[in-house]
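If you follow the hints, you should be able to join the two separate chains into one complex; please do so.
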Amino acid sequence: MSIAVDPITVSVIQHRLRAIVEEMGEAMLRTSYSQILNSSRDFSTALCDPEGRLIAQAEHVPIHVGALPFAARAVHDFFKGTIQPGDVYLLNDPYRGGNHLPDLTAFVPVFDGDRLAFWSINRSHQSDIGGATHGAYNASATEIFQEGLRVPPLKLYDRGVRREDVYEMIVLNVRHPRDFRGDLAAMIGSARIGERRLTQLLQEFGSETAHAAVEAVLDGAERQVRAIISEWKDGVYEGEAFLDDDGHKFTDIHIRARITKRGSDLEVDLTDSHPQVVGFINSSFANTHSAVVVALAYLIDPDTPKNDGAFRPLHVKLKEGTVVWPRPGAPVTLCTNHCGQEIIEAIIRALAPACPERAMAGWGRRFRIAVQGVDPRTSRPFIWHLFQARPGGGGSSAGDGWPGAGEWQAAGGIKFGSLEVHEVRFPLFFRRHEFRPDSGGDGRYRGGPGGELELVIETTQPAVANTAGDGVTYGACGLLGGADGKPHSYWLESEGRFDRLLKTKETGVTLHPGDVIHAHSGGGGGWGAPSERATEARAHDVDVGFVSR
Amino acid sequence: MYRIGIDVGGTFTDMVAVDGAGRVTIAKAASTPEDQSLGVMDGLERLAAALSLDRATLLAETAIIVHGTTVATNALLEHKGAKVGLLTTEGHRDIIEMREGLKDDRYNLRQPPPVQLVPRQRRLGVRERMRADGRTEIPLDRASLDSALAALARDGVEAVAICYLHAWCNVEHERETMAAVRAALPGVYVCRSSEVLPQIKEYDRICTTVVNAYVGPVLERYLTRLATRLTDAGFSGPVLIIQSHGGVSTIPEAVRLSAGSVLSGPAGGVAGSQYAARIVGHGDLIPFDMGGTSTDISLVVGGEAAIASDRRLAGQRVALQSMDIASIGAGGGSIARIDAGGVLHVGPESAGARPGPACYGRGGTEPTVTDANLVLGFLDAESFLGGQARLDRAAAEAAVDSTASALAIDRMVAAEGIHRIINTRMAEGIRLVSVRRGVDPRRFAILSFGGAAGLHVTDVARQLDVRRVIVPRLAAVLSAWGMLASDLRCEIARTHIGDASSLDPDALRAAYRDMEAEGRARLAEAAHGGPIHVRRSADMRYGEQIFEVNVPLDGLDFESPDLVQQMAVAFHARHEALYTYALRDQEAVLVNARVTAVGELPSLPQEGNLASGRPAAPRGHRRIYLGGWRDVPIYAFGELAPGQAIDGPAVVESGTTTVLLRAGDRATTTPVGWLDIDVAALR
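Same order as they appear, the protein sequences are chains A and B. At position 232 of the first sequence (counting the first as 1) the number is 232 in the numbering used here, and the numbers step up by one without a gap. At position 348 of the second sequence (counting the first as 1) the number is 348 in the numbering used here, and the numbers step up by one without a gap.
Derived by calculation from the structure, the hints in this document are not laboratory data. Just to be clear, a hint being listed does not mean it is correct.
To be verified - From chain A, some residues computed to sit far from chain B (all C-beta separations above 12 Å):
no. : residue
1   : Thr31
2   : Gln146
3   : Glu222
4   : Glu493
5   : Phe498
6   : Asp543
Unchecked claim - Covered stretches of chain A, going by a simulated chain B footprint (3 or more residues, C-beta under 8 Å):
no. : stretch
7   : 131-139
8   : 378-386
9   : 477-488
What the hints assert, rightly or not - Anything over 12 Å on all C-beta distances counts as not near chain A; from chain B, calculated:
no. : residue
10  : Ala49
11  : Ala183
12  : Gly530
Fair warning: this is a prediction, and the values are worked out from it, not measured in the lab. Even glycine gets a Cβ: it sits at the ideal position worked out from N, Cα and C.
Next comes chain B alone, as it looks inside the complex (with noise of 0.2 Å):
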C-alpha cells in the first residue's frame, strides 16, 4: 500500500507517494489557487503515471493521504474569509482593534489603520460578566442576546465567534450562547474562544477565535469538497491535514479547530525537517527553506521543532501552539535597489512569479538574486529546472548593470554584491532566530532545502560560523514526504492559575487527567487505534514576569505529595536554562497546564541506502566569477555515489535544485545520497 503526500505550494502542488518498502515517487503539478482540489487531483494524475498506474488504482492502493493546503492561510492573506458576527461582554467590544495598544513600525505615523477582520458593527456587547474567580457578577441576559442574535440574522453573517471575558475559568455563558445561535442560525459556522483557546488573556482569546471563525467556513468548503472528489475517484482511506502545530489532524477537527491550520503549509517543511534530523542522525538542525518570494527558518533540537504560542499571521494573533517558524521576506525573486543615500538593499520588494527575474523573460527589468546568480554563472541558463526553462543572460546582465552604473562599480562587482547582502539577511534572520532563544547556531547544522537555498547556504552558514550543511536529496519537495512521518496530535490546553505555594496537588492532579481525557476522546473520534503517548507541561513565570515559560514535566511523579514542588524545581531550572539565570528565592507562577496527545501512525518505512559504485565524474565545467572567473566542474546530484566526496569550488546541480561549493568546502555523499557539507571556516 502507499501513503501520499501533498503539498500544496504558491506555485507548485508536491506530490509523493512512499511504498511500503520505502521507495519514494514524486510529481509536480500547478497550483490552482481558486480551487487548490483540482490541481491536487491533477498531481494525483502525474503521480499514478509517474508509477505506471492509473488514478483509481493508485488511491485503491492508498492507505492514507497527509496534505498541507494554504487555503486558510491565504483567506487571512487575501482577506477573503467568511463574513464574521462576534458576541462579546458588553462593554467591551474594541479588545480586538485596541491591540493592547501596539503599533508596529514605530517610525511610520503615515499609515492607514489596519482593516478590521469584524467590523465594528458586527461586534456586538452582550449583557453578561463573569469574575476573574469565576463567580458570575451579572446573569447572561437573554433578551440583550436575542437583540444581538436577531442583528447577526439580519447582517447575514455567514460565522459566528464567541467570545466573554473569563470564560477561560467559567464557561456556562458561553456555553448557553452557542447553544442559542445554533438555535438561532442553523448552518452558520458557530465557535467559541472555550473551545477554540481555554487561557487566561482575551486578546489572545479573542482574536485567535474570530480568526477561527472567519477562516472556518472557506477551510470547510475546501476540505468537504476534496474528500468528495478523492471518494469519486476511489479512495476510501482517512485523509489527514497538517496543522501549524506538525501534527496532524482529521478533517472534521481541521475544521473545528481552523486557526489551527494556518501554518499548514510551513509545517508541512517543518515536519520534514524532524524527520530529516532522524535519517541524518543529527537531533539539532536549522531549517532553511528559501523560495523565491520569502525564507522560512526555524530550529529543531534534539529532533524536536521548536514550538511557539505567539505567532502573528497578517497582523492576527492565533495564540494556538505552533510550529515556531520566522518567515523573512526576502528570497530567489528579491528586487536590488539603492536608496537616496546610495546604499545597495535587496527585498522586501519582490518580482513575484510575475514578471519575476529579468532572466525569466516575462517582462521583468529589475534585478533580482537570480538575476545575480546567472551573471554569476552559478546558474546555468540551458539547464534550469531540468532544462524546462532557459534563462536570458542577456536580460540578467542589463538588469543587474543598472545597479552597478547607479553605485559607478563593476557589473560582476555589483552581482557579487546582491548576492552578498542577501547572505547577510539571510545569516542574521537566523541569528535572531536562534539567539532569541538563548540557542547559539553554531553547534546546529543548517538543513537546506526549497529551490533557492543551495546557492546561499554555505555561504551564510560560513557567516555564522556554522560548519556543517546538509542538503536533502528530495530538497524541493521535502515538505510533502516529511508530512507523511507525521503523527495524530491534539494539543489541550486550560488556565489553571496560582503560584507554587498556594497551589492544591489534587486539584492540578485532576485537571491534567481531564485534559488526558479529552486528548484520548478526541483521538478516539479520529479512529485511532495504534499507541498513544501524553506529554504533560506546564507555562510559568516569575510573580513579575509576562513571558511564561514552557516547562515540561514528563519525568515528574504525578501522584507525589510535592507535586507542585517539583513542577517549582522544573521551572528555575528551565529558566535557567533558557536565560542564564534563575530566581530560586521567588515564587513560580503556573498559568496554563497543557496535555499533548499524540496518536502514533505506523512508521514510514525508510527508503534504502543507494548502490555503492564508482564516483561520478563531473558531467562538465562551466565559468562561474568567485572574486574573479574560474572554470570549476558541475556534477550532477543524482549520479553521485555513497561516500563520494566533491571539493569545493564546485557546483552539484538537479532538476530542482544547485549547490554551490566554494574553495574549502567539502561535500560528502551520505549513503542515502544526501549532501553532507563541512563548509569552510570564514577566511
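With the rest of the complex left out, here is chain A (with noise of 0.2 Å):
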C-alpha cells in the first residue's frame, strides 16, 4: 500500500517528528501553572495515529508512554466517524488507557484534509483530582472512587467551541480550580502547536510521503531493537521483585516475570504475579503494559527513538485478576511508582543473564509525604509534598549508580528544588540534608547513596501527614552479585513521646509543633561481585564519606 520514500526523507522526518514533540514539551514547561508540572515536569508529549499506534513522545516521563496508545485506542473507539477539526478530547480513567486518576490526558486530532492523520497528546499529573484526599494519593482507597474524578473518554471543544456544562462538572470536582484551569489550557495549548507543526509537515511532505516515511521510522526503530535483541543467548528468564506491603492486609507483595527469548522477540509472561490487593498498589493494565515498556527502553540503546516500531518485538501476557491487571473498580494510584517500579525490576533482573552489559542495579523506591497546616507567619492553609531526600540509582557496567539520582521509574527527572525558598514558602526548618553514608548496595559498581533529612515542624498548631509509597522492608535490588540497596528508614521524633517508625502508606498521621521528620532513604543497588571492587575505588568511597570506614 504504501509508497517507496527515500532513505533520507525518512530521516529528515524523523528529525522533525523529535523536534515536534520537544516543543510540544517546553511550551507545557512554560506555560503550566502547578508546581508538580513547571518544576517537577511530571508530563509527557506524543503524537499516535489513528490506530493508536506511538510515533514518537519526548523525553519527559518515561512510565506515561506505553500507556498512550491504549488511552489513544480508547478515544478513537468511542467517538468513531464524529471526530472534527477542533475537537479536543479528554480522559484519565486506568481502565480506559490511563496510568492513575492524576494524569489527565488531552488528545487534539490531526486532519489531512477531510481523514483523520494522527493524535497530538498531552498526558499530565494533575496536583489534584478531587477524591478523598488531596493530592490524589490516598492509602486508605480500597475502591478507585475514593481516588478521585473519573474521566471516560470524553469531547471537551466540538468543533473549536469549548462545551461548558462539561468543563465546569470536572473543574467543579478538583480542589484548586484555578490551577487546574492554567493548567488544562496549557495542555491543550501544547497539543495544538504539535497539532500545527504535523499539519505543516504534511504540506511540505504531501501526505502520501509522509505517511510513508512514518512507516518507515516505525520499522526502523524496530530493526534496531531487534539488532540489539537478537545478540542475546536464547532462553527462559525468570526474575522476581518484592513490595513491602498494600497498606492493608497483604504483605511481600510478589510480582514474577517469566521471559521467553526467542530470536529478536521477548515474550514477557506476568501472570504469574500476586493476586490483586485491597490497597492501591495495584497497577492498571495499560500502566502494566508502560513498565514493560520502560524496563526494555532501560535495555536498548538511550537514543533509539521510543515508538510503536521499537516495541514491536515485546509480547505481554497478563492475566486478570492479579496485582498487575485488578478488576474494575480497584484503586490503582501508587501504580505509577509501585508497583509499576517491581514490573521492571523484576524483567531487568530476569534479562540480566541475557544482557549483563546493559542491565543496570536498582534504583531507590519512592516515599512520599504530604503535609497540611497552617502557617503562623500568615494565618493561611498550606499543603506541602516531600520530594527531598531521594534515593540512590544503582550501578551498572557503565559505573557507580548516581548519588539522589531519584526512583526507577522517573530516573533522575524530578526536581525537588530551594530550601532557601521553601523555607521562605512554609513553615519548615531544613536542619540537615546531606547523603546517606553506607545505603548504596556493594559491588563491583557500589549503588549511588539516598538522602538523609531532618525536617522540622515549625506550626503552632499540630498538621497532618498522608505517607504513599514502599520499599522500607525491601531496598534496591543488587544485580549480578551485587547487593541491595539498604532500604528507608523514616521516623518521627517528638518531644516527650517515643520515636515513632512512619510507614509507607498512612493517613491522618499528627505532627505537633516542633516534631522533626528523619527521612532516611534508600540507596541505589550495587553491579557485580564485590570481590571485583577496584581497591582505589574503595578508598575513595571512604575519602568521600559515602562508606563510613
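Structure follows, in C-alpha cells:
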C-alpha cells in the first residue's frame, strides 16, 4: 500500500517528529501553573496515529509512554466517525488507557484533508483530581471511587468550541480549580502546537510521502531494537521482585516475570504475579504495559526512538485479577511508582544474565509525605509535598550509581527545588540534608547513596501528614552478585513521646509543633560481585564518606 | 588612535583594528591553547604588519584593547581549574552534588555519575545557620571554622568558595568567614556567594560561587601575564574583557567575578550581532554562527540580545546574567552515520580540527558535512580559505560513498542527504530557541557568520519560512569587531522577596538606590569618566510558579507612592506578552531586584560606504549539484558593488566564507558591502 520513500526523507522526517514533541514539551513547561508540572515536570507529550500506534514521544516521564496508545485507541473507538477538526478530547480512567487518575490526558486530532491522520497528545499529572484526600494519593482507598474523579473518553471541545457544561463539571470536582484551569489550558495549547506542526509537515512533504516515511521510521526503530535483542542468548529467563505491603492486609507482594527470548522477540509473561490486592498498589492494564516498555527502553540504546516500532518485539501476557491487571474498581493511584517499579525490576532481573552489560541494578523506591497545616506567619493553610531525600541510582557496567538520582520509573526526572525557597514559603526548617552513608549496595560498581533529611515542623497548631510509598522492607535490588541498597527508614521525633517509625501507607498522622521528620532514603543496588571492586574505588568511597569505613 | 578587538577561538585568534575614520583592518594568527597570550602577541605582530607598522608603534597608537577569551571556558570544560575548597553550612554540604534531584538524559541509565569540581572531602560544613528572615539561628562557631580552615590548609587548596544558607538575606557569617580565610590562607583566591550571586536559591548560588573559585585563579594568571606582555610591548591603555553578558569589564573586575567570563568567547559574537543590527537598521536578528564543531544561535530583539540567567556549562549551573546562546553540537566537521535501523544522522560526533573532514587529507575517512559540500560542488577544492588550503575531492567522494553504499543510494543523493539533514537540525535548533520564548522566527532576519554558515543559511531560512538573511562582509571576524562596540557594564542583583500587597515601597526604593550606588562605584573603580546609564528591572512570578520573568522597570515613576502596583501592572503585561496570558486577579511576587549600570564608551566610528561602481562580473563558473548538475556563476564577495543584485543559483566566495544562493534567492549588496538576501519561499 505504501510508496517507497528515499532514506533521506525518512531521516529528515524522523528528526522533525522528535523536534515537534520536544517543542510541545517546552511550551508545557513554560506555561503550566502547578509546581508538579513546571518544576517537577511530571508530564509527557506524544504523537499517535489513528490506530493508537505511538509515532514519537518526548523524553519526559518514561512510565507514561507505553500507556498512551491504549488511551488513544479508547478515545478513537468511542468517538469513531464523529471526530472533527478543532475537537479536543480528555481521558484519565486507568481502566481505559490511563496510568492513574491524576494523569489527565488531552488529545487533539490532526487532519490530513478530511481524513484523521494523527493524535497530538499531552498527559499531565494534576496536582489534585478530587477524591477523598488532597493530591490524589489515598493510602486508605479500597476502591477507585475514593481516589478521585474518573474521566472516560470525553469531548471537551466540539469543532473549536468548548463545551462549558462539561468543563465546569470537571473543574467543580477538583480542589484547586484556578490551577486546574491554567494547567488544562497549557495542556491543550501544547497539543495544538503539535497539531500545527504536523499539518505543516503534511503540507511540506505531501500526504503520501509523509505517511510512508512514518512507516519507515517505525520500521527503522524496530530493526534497531531487534538487532540488539538478537545478540542475547535464546532462553527462558525468570525474575522476581517484592513490594513491602499494600497498606491493608497483604505483605511481601510478588511480581513474577517469565521471559522467553527467541531470536529477536521477547515474550514477557507476568501471569504468575500476586493476586490483586486491597490497596492502591494495583497496576492498571495500561500502566503494566507501560512498565514493561520502560524496562525494555532502559535495556536498549538510549538514543533509540521510543515508538511503536521499537516495542514490536515485545509480547506481554497478563491475567485479569492479578496485581498487574486488577478487575475494574480496584484502587491504583500508587502504581506509576509501585508496583510499576517492581514490574521493571522483575524484568531487568530476569534479563540480566542475557545482557549483563546492559542491565543496571535497582534504583531506589519512592516514599512520599504530604503535610497539611496552617502557617503561623500568615495564618494561611498550606499543603507541602516531600521531594527531598532522593534515593540513590543503581550501579551498572558503566560505573557507580548516581547519588540521590531518584526512583527507577523517573530516572532523575524529578526536581526538589530550593530549601531556602521552601523555608520562605512554608513553616518548615531543614536542619540537615545530606547523602546517607553506607546506603548504596556494595558491588563491583556501588549503588548511589540515598539522602538523609531532618525536617522540623514549625507550626503552632498540629499538622497532618499522609504517606505513600514502599521500600522499608525491600531495598533496591543488587544485580549479578551486587548487594541490595539499604531500604528506607523514616521516623517521627516528638518531644515527650517515643520515636515513631513511619509506615509507607498511612493517612492522618498527627505532627505536633516542633516535631522532626527523619527521612533516610534507600540507596541504589550494586552491580557485580563486591570482590571485584577496585581497591582505589574503595579508598575513594571512604575519602568522600559514602562508605563510613 | 586605534582600537583593537581580539577574539581567541579554538583554532584561530582573530584581530580587528579600527582607526579614527572607522577603517577596519583584520589579521588572523593560530591560537596557542597552552598560553593564549602568545597567540595574541603573534596576532598583534601580524595586525601591525597589515597596517605597515611595527608592533610597538601600533600599540603606542592604540587607545583601548577589548578581548574575548576562552581561558575560563576551557578550564571548566577540560576540568583544568584550581583546587577548590568549599565552606558551607553544616549539614548541607551535598547541595552541589544533589543537583536539585535532576539527571539529564533520561533513558541513559548506564552512565557514570558526574565528576565533582569540589570533591566531597573538600566540602566542609561550618557550624552556623541563618533563618529565611535574616535572623541568626546558630551563631558562627569559630572553633568549627578554624578546624575547617586547618583542613583546607593541609590539603593545599588554591581557592576557597564560601556559601552559607540564606546568605542572600544576611551576609554577616560569610563576611566574617572571608576575613578568616584571608588571614589563615594568604595568597589563596577566595570568594563568597553573597558577592558572586546575592540571590535566593542555594543550588544556583553555590554552583556559581564554586565555578567562580574554580576558574578564578586560572583567569587571574592568564590576564596578569597578558597585561604584562602588553605593557612590555609598549601598550599603556586599558585592556577590557568581554563578559558573558556582552558588556566589558576591567581586568581586576573580570578576575573578581570570573564566573562572568565563562561565555566570553561566544558573547563577542552576540555583541557583534547587536552592532550589526545597528548597521543594517534591522533590530530583530537571529545570529547564526556555524563553525566546525558547534553552532551558536541566539536572538537579538529590537537591537538587544536576549539575556538569560539559567545557563549551564559543562554540567555546571552559572546563574549570572549571560547572553542567551544555544549551542548545537553540529557544524561543518560533523560526521554522518547510519544507525542500526538504517536512519541517517549527522553529528554529534565531529572530526574536529584533527583529523578533520576527509577532504582535508589529514587521515579522516568518515563523511562530514564539509565533504558532502565539496562533493556537491558548493566548495571549491582549489580556492578553500582563499587558496591557503587545497581540498582532496577524491577523499571526500570516497567518504560520501560509504554512506551511499550503506543506504544503497547514489553518491549525489547521499551528499545532498547529509546537507539536508544538517540543515534540518539547524532549523529545529532555531525553532526551539525562538519558540521557547514565544517568539515567531518568521519576523526575523538571520545573521549569518562563522566559516560554515553561508552554505546552509538560505536553506535553513527557507525551512523556517524566514525571508531575509544578512551576511556581513567581515562575517568571519564579526566577534572581534563587534566587541569593540561594547560598553562597560556591571550587573547588580539582590533578592528582595515579597508579594505586591506586602512590599514596602520605601524599602524597595532604598534597595534600588543602594544597588545603583554600587554600580556607579564599580564603574568609578574602572576609572570610567564618561556617561553612565542605569537600567532597573525585577524578576517576578505568580505565587506558585517557579520560573521568574524579568520585567524592565525603566518607564516607571520610582518616587510614586504606588510604585509596587506599577510593578505588578508591568509584570502582568510582560507575562502576557511572553506566554499569551496574564492572571491579573493573582498576586505578583517580586524575587530579585536588578540594576544594570552601563558606562558608555566613545562610540565606534563606522566604516564608510563603499565607492559606487559598475556591477562586478562573475569570476568564473562552476558545476554544482542542485538536484542535478548546474553551471552557476561564482562571484568574489569583495568585488561586489553597492546595490548590485545577484540572482541564484550562484555562489559568492571570499577568503573566509562561501555563500550559496539557490534558484529564486536574490542577494543585494548593501552600501557597506554586505549581502542582504531575499530568500525564495519553499516551493
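Looking at A/Glu493 again, its CB stays over 12 Å from all of chain B?
holds, 16 Å
Taking C-beta pairs only, is A/Gln146 more than 12 Å away from all of chain B?
About 27 Å separates A/Gln146 from the closest Cβ of chain B, which puts it past 12 Å; holds.
Verify this for me: three or more residues of the stretch 477-488 of chain A with a beta carbon less than 8 Å from a beta carbon of chain B.
violated (count 0)
No chain A beta carbon within 12 Å of B/Ala183's
holds, 28 Å
Was A/Thr31 rightly flagged as not at the interface, with every chain B Cβ beyond 12 Å?
At roughly 5 Å from the nearest Cβ of chain B, A/Thr31 sits no farther out than 12 Å, so the non-interface label is violated.
If we take the beta carbon of A/Phe498, is the closest beta carbon in chain B still more than 12 Å away?
Given that every Cβ of chain B is farther than 12 Å from that of A/Phe498, nearest at about 24 Å, it holds.
In terms of beta carbon proximity below 8 Å, does the stretch 131-139 of chain A have 3 or more residues touching chain B?
Coverage by chain B is violated for the stretch 131-139 of chain A (0 residues, Cβ < 8 Å).
Outcome, coverage hint (the stretch 378-386 of chain A, chain B; C-beta under 8 Å; three residues)
violated (count 0)
Please settle this one: B/Gly530 was flagged as non-interface, so is its CB more than 12 Å from every CB on chain A?
It holds; B/Gly530 is separated from chain A by about 39 Å at its closest Cβ, greater than 12 Å.
Measuring Cβ to Cβ, find out whether A/Glu222 lies farther than 12 Å from everything in chain B.
Non-interface label fails for A/Glu222: nearest chain B Cβ at 7 Å, not farther than 12 Å.
Run the C-beta distances from A/Asp543 to all of chain B and say if the shortest one exceeds 12 Å.
violated, 5 Å
Non-interface claim for B/Ala49, where every Cβ of chain A lies beyond 12 Å:
Given that every Cβ of chain A is farther than 12 Å from that of B/Ala49, nearest at about 47 Å, it holds.
Checked against the numbered hints above, the structure breaks hints 1, 3, 6, 7, 8 and 9 and satisfies the rest.
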